[in-house]
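Peer 1: One-letter residues, chain by chain:
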Amino acid sequence: MNTKELIVEKIKEKFGESVEEVSDFRDDLCITIKKDQIVNLGKYLKEDPDLQFIMCKDVTAIDWATRKKRFTTVYHIYSFKLNYALRLKSNIDDNPPTIETVSFVWQSANWYERETWDMYGIKFINHPDLRRMYMPEGFEYHPLRKDFPVLGIPGSLPLPFKAE
Amino acid sequence: MGLEAVLQKDGFLTTTIDAIVAWSRKSSVWPMPMGISCCAIEMIAAADPKYDIARFGSEVMRFSPRQSDLMIVAGTVTYKMAQVVRRIYDQMPEPKWVIAMGACTSSGGMYRSYSVVQGIDQFLPVDVYTAGCPPRPENLLNALMTIQDKIGKTKARDFQNRSLAELEHSQN
Ligand code: SF4
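One line per chain: the protein sequences are R and U, in this order. Take the first sequence: its letters are residues 198 to 361, numbered as in my numbering. Take the second sequence: its letters are residues 9 to 180, numbered as in my numbering.
To be clear, the hints were calculated from the coordinates, so they are not data collected in a lab. Possibly wrong hints are sitting among the right ones.
Per label pair, the in silico range of CB-to-CB distance [unchecked claim]:
# : chain 1 : residue 1 : chain 2 : residue 2 : range
1 : U       : 123       : R       : 224       : 30 to 38 Å
2 : R       : 227       : U       : 130       : 43 to 51 Å
3 : R       : 308       : U       : 139       : 34 to 42 Å
Note that the structure is a prediction, hence the values are computed from the model and not measured. The C-beta atom is built at its ideal place from N, Cα and C for all residues, glycine as well.
Work the whole structure out from these sequences, hints included.
Peer 2: The following block contains the structure:
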């Protein structure tokens, strides 16, 4: 059994119904899971002795703009034991977009989730310190959303006063 | 044949205080290197032996705003950084000058986006703009010489009773 089959089989066995999609596009294995199972899946992948996905390399999101479930959160995790990088996805809907934090599973997800909150406005429930990462505090928008104009919203970011 | 040879006897010279002050000021412009991104590398290159900014009396890059006369803003200024740049500028003693080095500082450059200030003249009084992405060190030296010309034309009394409207604003 090769690595991919092992991973898929283990996840399917444990999570069954909650697995929405398994795709293997261009040799990239990607598991889409229901949003309420993301923490359990993360814990399982990290702690299972055969898998040991102990490293979280990235957390980000996709804004689909017009889709019913507007956002997808994306997690890139890595197992040193299998030498394999796996992608997890979870579809979440708007108003407001929320998902449980995985920062208690992988410490490194803490800042990645802050960045995702800053750029997409996805609220990570139970996150220990969900502040903005790049934009100044007090900024009201989320710049990587599709409905945000690329030049920004005039007046939303204050500049220092200049007397003329 | 040096200065010593000429100064064998007591010499004297007639000039104006303004001319002497302006000449000293323009020959020792101490820069505050506000190197925020890639342009800073060319600013550093301007200080190396090949371009040698010391020829213009400006080799003392001061990393303390209290000791500098010229702020070289070299790099992309984001809205978040703008507050810092302005604060450092406010901390510099008068009289002071500003070079906007590179396309980013002059106009936002290739970063036509929500996070980058589209030209630092929105919050700083700029004296010289420098074109290029990044400008060559010669171009920076040219900007410096332009500033020197500008300083050479000043009079000491120009800087008396300057209004510090922004400073009062930032302190309140
Ligand atoms: S003008 Fe070009 S070189 Fe200078 S900071 Fe901007 S991008 Fe970098």
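Peer 1: At the C-beta level, are residue 227 of chain R and residue 130 of chain U separated by a distance inside 43 to 51 Å?
Peer 2: holds (44 Å)
Peer 1: Using the Cβ atoms, figure out if residue 123 of chain U sits within 30 to 38 Å of residue 224 of chain R.
Peer 2: holds (35 Å)
Peer 1: Could you check the hint for me, namely that residue 308 of chain R and residue 139 of chain U are 34 to 42 Å apart, CB to CB?
Peer 2: holds (38 Å)
The earlier numbered hints are all upheld by this structure, with none contradicted.
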